[in-house]
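Line order of the protein sequences matches chains A and B. Per the numbering used here, the first sequence starts with residue 1, numbered consecutively. Per the numbering used here, the second sequence starts with residue 1, numbered consecutively.
None of these hints come from the bench; they were simulated from the model. Incorrect hints may appear among the rest.
Here are a few chain B residues that sit away from chain A, every Cβ distance over 12 Å (derived from the structure) [claimed, not checked]: (1) E33; (2) T89; (3) L112; (4) K119; (5) S131.
SDA-like cross-link-like pairs, simulated, lysine to any residue; straight-line CA separation at most 20 Å [what the hints assert, rightly or not]: (6) K132/B x K334/A; (7) K334/A x Q290/A; (8) K115/B x H228/A; (9) K118/A x E136/A; (10) K207/A x D100/B; (11) K191/A x L155/A; (12) K106/B x D208/A; (13) K105/B x H228/A.
Keep in mind the model is a prediction, meaning the values are calculated, not measured. Note that beta-carbon positions come from the ideal geometry of N, C-alpha and C, so glycine has one too.
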Amino acid sequence: MSTPTVRVLYIDDEENNLQAFRASFRRMYEIYTAISAAEGLLILQNIDVHVIIADQKMPNTTGVEFFRSIVDTHPDPIRILLTGYTDIEALADAINHGDIYRYITKPWNDLELHNSIKNAYDAYRAKIDLRNKMVELQKTNDELNRFIYSISHELRAPLVSVIGIINLVKMEGLYDSSGEYWGLIETCSNKLDYYIQKTLQYYKNAKDVPDHSEINFATIVNELVELHGFSDKDTNFNVSINQNVRFIGDAFRIEVILSNLISNAIKYQKTNEPNKTVNIHIEVDEHEAQIEINDNGMGILKEHLEKIFTQFFKSKMHHGSGLGLFIVKEALNKINGNINVSSNIENGTTFKITIPNAK
Amino acid sequence: MPNRTGKVLLIDDNEIDLKIHYRIINLSGFFDEIISCQSGEEGLAYINKNLSNPEQWPDFILLDIQMPEMDGFEFLEIYKKFPKAFLDTCKLAILSSTLDFGDIKKAEANPLVIKLLKKPLYPNELKELLSKYSGSLGI
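Just chain B, same shape as in the assembly (with noise of 0.2 Å):
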């Protein structure tokens, strides 16, 4: 797609780690734009008022899953009806500090989730997963 920068889309509700990963992006130059949200209400809303806006789309999400109210799995069950076509454009992956078994599992079984990435965030782990993506993420 022309004319487009990549985009991330980071959910977690604890602000430092939306911090730190937002430093550790940044700094690593892996995406143009960086968008935090506190809440997976507030991806959500971010998703849903660029829908018809393609350009603003995100390309990649990171998600984390234990949030209050609205936790990672329940963000998922309401973004999966998404269109198909910003479901193709845009890559899911978990990023959480989790070693709940069940949790883990769960991660992996749902078919929207490209990667259960753990806490701390590393660079190249991210580099790694993005390279192999990166035809299908225009960036």
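Chain A extracted, bound-state conformation (with noise of 0.2 Å):
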């Protein structure tokens, strides 16, 4: 690797010591030299400067009133300050106000100098290659999210089609005319489905940031029950919702937790249960909303209890996905809720969530 070019800025009153800057470094690095404050500026205007070293002591300006008057317009290129007496309140000051990286007293001594201007140029560099990092990590961000979306659209889409095919043959009598086979299509391609929603679920909950809309709980349970228990007409559903206040949250995270929850509780029922019944009660007060969900489904073996929020954790006896319950999980993580679970195998299992109001 050759040696980059550093573009040194010194900026001195006395045209002695700016000379004796120049003969002692010009072989090592690209030098700008300013007699004055105002000087100093024209060229920083005009030159992309790496590291600037200026005297403290100037008539008009002095080298940490400079320097804090380049901090919103300059502030990439690292600086140096020099001064011919140890001055506690000038480097207090420059420490405080200017973003200075090293104090240097005069004379200088030329190795120490040289070494510090070595430093300070790989601070300017630690710190352009960090940015360039974070704008290369917001593409890829902004790329995944791109990626995603095409995922929701032109993955799904096909297989969309396929199941719509599938309804098809079931309309036009056709769905036993082929042994069991498009039973089997139908159950893969509800399957795939069924991921690629979840997956979506999980990877949108991850990147985005918590946003906050008006939540209107009566309104998202009534979907959501209506949505579930479309593929179920069997389960009775009991909602009681005490909502007085505005509740300010995260509209598509609340959503994700209540459907999962919802959809869970119609999925695990008993297949012998006469009445099955899911509750749904929900208290909203100016702090938080309490949710309570409880069915008389098959309820989940106490040595389970611990593992359902795992990721990919799954009974043997029922085929989860391993996601639904995780994706729960770390939606409230992100929005500061919490969850506990009881239940037992004769009387089923009650979710109870609490989520903070953020009004």
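Got two chains here, separate frames each, mind docking them using the hints?
Written out as structure tokens, the structure is:
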């Protein structure tokens, strides 16, 4: 790797110092000198300088004043302050307001100054590299977002067409015409669709910053009950929602949480239960929303209770993706909510959730 | 309206989905006439051509969101400028496979969209929606 060109600007009101500096360092750096702060600023506006060295004691503008004046306009170059005597006040001021990297006393020692400039340049590179990394990260993130969006469309659209065709096959009475093949295609398609949906939910939850919008729990719950109840008409829903205050929260995540829990409550029913029931009770006050979702389904084994929120945990008996409750937990983490579960094989399962009101 | 038969306009760039929706609606018998359009532009052209002839107006439109060139939302921007008499007669629902939260919220917020239906289209879902509007649909 060839040595990079380091551009150094040195500002001092004494011409002798400027000349001495040039003489010492012109072979190592690209050197710009200025006899006043004003001239220094002019150079800064035209040249992309890496390191600025300024004398503290100058007639119109001191070194610290100069550094302070360029904090917003030229944040990148690394600053070194030169001063003839130890002036604690100037030093404190420099550190607090001028973003000074180093403080060197006059007359300078060539080696010390050389090392300082070298280190300052490294600091400059680190700063710029970090910024480039940030830009790169932002770009990768944007690409990921576009990728997720395109999965949700391009990958899912043909799958949904397949499911549509299976529905047509049913309508035309052909479903049983080829043994169990249509049924198998349907099972696979639904499973794939379910995974795509859960994967999207997971990524969207992981990446988005929490949003704050007004939440009407009755609307959300009724929509979800209608949506999930559509495929299962046997389940009775008892919904009671007590919301008299404005609730501000993350609409997407709250929907994801409720949707997964309601869908589980329906999915894991006892097959021989005549009165399949899901109770949803929500209390909303100034501070939080307390949500209770209770079912008389098959319950969760005690030894499984601790694991149900882990990714890809699924019980042997039931065909889940192992993602639903994991996503619920992740989503609650993002919005500072929490969840408790109690369950037994006889009476079913109760999930209790609290979500803070971000009002 | 006497002498009118129910017409539905399907707008979707995906030929297979158009075919599927055509068959489902045909088998269910919800409408007497199904007009398939492969783009928003084609749908607008159909409406424009028949604007002076209310007998040819569709009673119902099923609109996809993701389409090349003119997407569903761009279609709606132009669609909303049709005369009030037309917009009062014709109801519009979105039929899309989207899972995008932004798309869903945008569709729900649009005053001209009576419902966001998700693909695959289930005849019962469509039937339920149509029965809600049967008074104003004239079918």
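Going through the hints against the structure:
no.	hint	verdict
1	E33	holds (19 Å)
2	T89	holds (27 Å)
3	L112	holds (20 Å)
4	K119	violated (4 Å)
5	S131	holds (15 Å)
6	K132/B x K334/A	violated (39 Å)
7	K334/A x Q290/A	holds (17 Å)
8	K115/B x H228/A	holds (17 Å)
9	K118/A x E136/A	violated (27 Å)
10	K207/A x D100/B	holds (14 Å)
11	K191/A x L155/A	holds (14 Å)
12	K106/B x D208/A	holds (18 Å)
13	K105/B x H228/A	holds (19 Å)
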